[in-house]
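Here is how the chains run, residue by residue.
Number of protein chains: 4
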Amino acid sequence: MIIVMKHGSTQENVDKIVEVLKAHGLGANLSTGAQATIIGVLGDKSRLADANLELMDGVEKCVPIMHSYKLASREMCPDGRVAEVGGQRIGGKQLVLMAGPCAVESEEQILEAAQGVKAAGATFLRGGAYKPRTSPYAFQGMEDEGFKLLRKAADATGLKVVSEVISHDQIDTAAKYCDMFQVGARNMQNFRLLREIGRSKVPVLLKRGIASTIEEWLDAAEYIMSEGNYNVVLCERGIRTFETATRNTLDVSAVPVVKERSSLPIIIDPSHAAGKSRYIESLSLAGIAAGADGLIIEVHPEPKVAMSDAAQQLTIPEYQALVKKVGAVAAAVGRELPC
Amino acid sequence: MIIVMKHGSTQENVDKIVEVLKAHGLGANLSTGAQATIIGVLGDKSRLADANLELMDGVEKCVPIMHSYKLASREMCPDGRVAEVGGQRIGGKQLVLMAGPCAVESEEQILEAAQGVKAAGATFLRGGAYKPRTSPYAFQGMEDEGFKLLRKAADATGLKVVSEVISHDQIDTAAKYCDMFQVGARNMQNFRLLREIGRSKVPVLLKRGIASTIEEWLDAAEYIMSEGNYNVVLCERGIRTFETATRNTLDVSAVPVVKERSSLPIIIDPSHAAGKSRYIESLSLAGIAAGADGLIIEVHPEPKVAMSDAAQQLTIPEYQALVKKVGAVAAAVGRELPC
Amino acid sequence: MIIVMKHGSTQENVDKIVEVLKAHGLGANLSTGAQATIIGVLGDKSRLADANLELMDGVEKCVPIMHSYKLASREMCPDGRVAEVGGQRIGGKQLVLMAGPCAVESEEQILEAAQGVKAAGATFLRGGAYKPRTSPYAFQGMEDEGFKLLRKAADATGLKVVSEVISHDQIDTAAKYCDMFQVGARNMQNFRLLREIGRSKVPVLLKRGIASTIEEWLDAAEYIMSEGNYNVVLCERGIRTFETATRNTLDVSAVPVVKERSSLPIIIDPSHAAGKSRYIESLSLAGIAAGADGLIIEVHPEPKVAMSDAAQQLTIPEYQALVKKVGAVAAAVGRELPC
Amino acid sequence: MIIVMKHGSTQENVDKIVEVLKAHGLGANLSTGAQATIIGVLGDKSRLADANLELMDGVEKCVPIMHSYKLASREMCPDGRVAEVGGQRIGGKQLVLMAGPCAVESEEQILEAAQGVKAAGATFLRGGAYKPRTSPYAFQGMEDEGFKLLRKAADATGLKVVSEVISHDQIDTAAKYCDMFQVGARNMQNFRLLREIGRSKVPVLLKRGIASTIEEWLDAAEYIMSEGNYNVVLCERGIRTFETATRNTLDVSAVPVVKERSSLPIIIDPSHAAGKSRYIESLSLAGIAAGADGLIIEVHPEPKVAMSDAAQQLTIPEYQALVKKVGAVAAAVGRELPC
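In order, the protein sequence lines correspond to chains V, F, W and E.
Following UniProt numbering, the numbering of the first sequence begins with 1 at its first residue and continues without gaps.
Following UniProt numbering, the numbering of the second sequence begins with 1 at its first residue and continues without gaps.
Following UniProt numbering, the numbering of the third sequence begins with 1 at its first residue and continues without gaps.
Following UniProt numbering, the numbering of the fourth sequence begins with 1 at its first residue and continues without gaps.
Take these hints with a grain of salt, some might be off.
Just so you know, same-sequence chains aren't split out, so a pair can sit in one copy or run between any two.
What the hints assert, rightly or not - With a Cα cut of at most 35 Å, we get these calculated DSBU-like pairs of lysine-lysine:
#1 152 / 6
#2 6 / 325
#3 160 / 325
#4 93 / 6
#5 93 / 16
#6 325 / 148
#7 22 / 160
#8 22 / 176
#9 304 / 70
#10 304 / 148
#11 160 / 276
#12 22 / 324
#13 22 / 93
#14 118 / 324
#15 304 / 22
#16 6 / 304
#17 61 / 276
Rather than coming from a laboratory, the hints here were simulated on the basis of the structure.
So that you can see chain V by itself, here it is in the shape it has in the complex (with noise of 0.2 Å):
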């Protein structure tokens, strides 16, 4: 951390950060410019949880220079990790391929969902058995049942099956039918509900919050990984902006920023970027153009009927030209779909 003394601070108020300093076990490192004076703090400055410099007198601000996430960081792991979930591994070379409904709705629902897109290439079953909705009175999934027609058309085809849980206490539960847990956007920063999925082991897709940060995003990693949990995969969804042509703004560059502060993988869900089927082609492309691991994107057997998010889901063909585009792309960079 610097310590940027105000304009016409004393020595009387440096010396006394230096003493603080001292007092916390930490060296300082005087830099007198004409314009001003600067102190870097040398040393662990979580030490300094408790003294707030920058209320000291004459500072005028202070600067953080290293990131807060450790576990999560590309210098713990600089050749990057690799998540295992039930013997897939995300982050190789292989790219993941992550589909299904946006909501399960009945069973021949997501069975014909899921033969469509293991047809198509995919290797995850995704599914919402409960569903965050803006409105209380929007339809808020099948709960359990969900759950468990998931895990029934996953095992009938040979899928992984990847759902949200919103609350900690469906843990115990939906880990009996869910290879990996997925954390929506809303819940990012639900840190009860981090910890305790830390604590499950269940390998985890963690979204981006809609207004997160890169860094918070990888700080709400590090709350998982710092119970245990190393199977994190982020992904990015879009974030809001002033633009409205779009759900949400998808921001591809969070790719290369995650590979390079990161040893997590990253794949895309271009679904809820756009919010519109008609640009999912364009969006997913370009995240694996970007380096992205793998895709998350909704696929309904009969998207006009679907009981949530029907604008942004592709028909099961639409999702099969799609992943053979993605192959072209992907091995137009050195990367290639699952077998």
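Place chains F, W and E on chain V using the hints.
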């Protein structure tokens, strides 16, 4: 809802939609213009939950006309609602003043804070027992012990307690110590928490999510109210924008917008909006002048040693001076301090 | 400026940087911590304009410490500047009240507006002669004829004229009719226009760009001041965010931030921030309570027939009622209406 | 346009509006629902420019249905437009590759850059002669001398020249040296400049404003096209959001949205979006995969000594390596490099 047809859509497309509307017990009103055909949907659109008109052939887009919240709307209670918290009323001519430290740190600290803010004119004591923090390595609060100390300090000084609950399984315990629950910005769309607080019937201070629209905020209030708890007070605490001079951007316009669309009282949290104690006075006075029903402000006996959010907490003398100025502005807009 | 070295950078990397600094006549102060080496740059960093330290081997990032504006800074004029416009002072105890229609539409309209706002207590008449419009097909203003009508109406009522110039080649003509130029939000970084207005020495009202940071805004003011024109008044008019309930989001925090960082007066434009006339009262009172030096408000004799921005213009009686309330809040914060 | 009436509006309110519409030669289609009455406006809404329906009694809001641009719309040219710049075509199967330094700094620098990017496969040389800079104290470019050096280097290597004009009075001079003008992000709504470039008939690269919606961008293109200049190419260069990991946030979704709404070609500027050279590859490949018609990239013979934007410029070997990868992704999506 209005359905706008694509340029080039056919009569057959339109007929199909009208048919679907009829099948849902809804009427249609056609408006065939030179540039576009528009279909007005007549009746209760909630019946359309499983008909995804946007995906039907020939449809350009669907434009919602009505908002999705009802109990929280102004229409349902044109004179406005007044929340009742242990005999205190929020939303009438008298402002409510909530104050106290960011976090409860010790018995002495919270008692000193309580005495100071009481003397200044506050009627509610705030203080975090459970602190949601971006990093897992930061101070997370005194937890249940914090609730107890809050209650003790409040009882000793005649204040009401408002404190954050971060998970639905804390509600029973928290209800023993708190007069009012706070739902934090990160949990504004933790729907499980909202519903359970609704069922608890404990009055609630609902903070706006960091990137939530006013409509989403009112939908979140609707979650609580739809469970029978009408003692909801909204709290504007700044939104996330591109500007970094302040921690968040106080959306002072939310005050008149909420007053127009909703019957709920709204207060201002200048501390989290500003992030720096030296801007709090300006934002407090602005909020009251705009028509807010009160203020919640972070006050600490000794901010320099605070264990969290040190830079944004006022000292007790600063708070006392502020309340005087608030009183002057309140009088100028026909409001008054609590007595 | 501070240079943060990468984890793993070598002594050689550091030596190379120190050498480059010396070559530019600058000193270096090394701070070698457990986690990072930091180099404080001593001296006038503007000498580094052509040395791109961020690209040198081993450099993680460069952190600027000082802002780039000087004349606009608080440090240069700690007591604050008062702009002088034809005998009127902006920035002292008295507020400035600017008002008038969005656009000049006819001699009768502008005269009626001038008489109405003058009677209410305004001292400046506003009115667009040149209107920058999003679409080329929208009304673009009466142009030079508009300036003449403004002048005539102002002279008839004893008001000063403030009006927008949108291109540097209008300055000579506009200077004949205007007491103060307005630079609109879209032109805040039209540097050619800023420089020429600086040279013209005509007082200027500089609106904040729709997505400009406060730092960029002060840099824009610096463009004008660096040409010798110190009569600059800033105008906060709302920034672009994700919220759509208002046309823009009034950043009321900009008032205390500007007062801290800059010596320039700042006024509020609630009309463009709100976009709806029914929110203007709240925002006006909020701005004055926050410490702004005045208001610029759109007032039209008959808003329903206005040729632009109809929804956000007040009627003359509405404006008169508003000024009374502004006076009460002004008194509460130690300010007063112009006499 | 659709007019939504307030809950509680009267038949008289509606009659009055219908009357106003008739007075403007427009029809009305009433849709009386259980919750709201809606009036569809039939005919050319531009006739309503001076009727401010939103202010009429009983009106809740007006919802525009059609966009305001016509020449730039997809409807006007369903097969898409191909821009012609001195024999080069932009918008067909072949991508366009524009490259060169941020700023022209010397004859040697621009010639070396030209040779390097030409060898890599670029067909356009970029380079700023006039540089709009945030601070008045930063390097402002070589101005007209820069144009001359660009032309010379382009002629020596067989490249076309694209360079920014920042004021309409530079057009005549710039036209002698440039094959294509660039309108920078800060000038996207400098309507005077847009109109004059429209009249000049010189092909133009129109960058998106830093916080402009896609609709506003297409309206800006319409300004140019409405003067008879149809050789407009759009350039997405990142928008301003809350995320600070990159200089701006590349809105890659703008590619499919623009392709759907507009007939104009669109290219990507990954350099300004990323702000860091190490992210440029990811963003370039993402842009091409998404369907963009080309790339404009900052390339400098020696970025470390560049006089502006050093951190985001590629070296010539980096650019050459990038073009190879771009070629592979282009082939995967059915496009090809220029030959």
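Checking against the hints above, which ones are violated? Of the numbered hints given earlier, those the structure breaks are 1, 5, 7, 8, 12, 13, listed in rising order.
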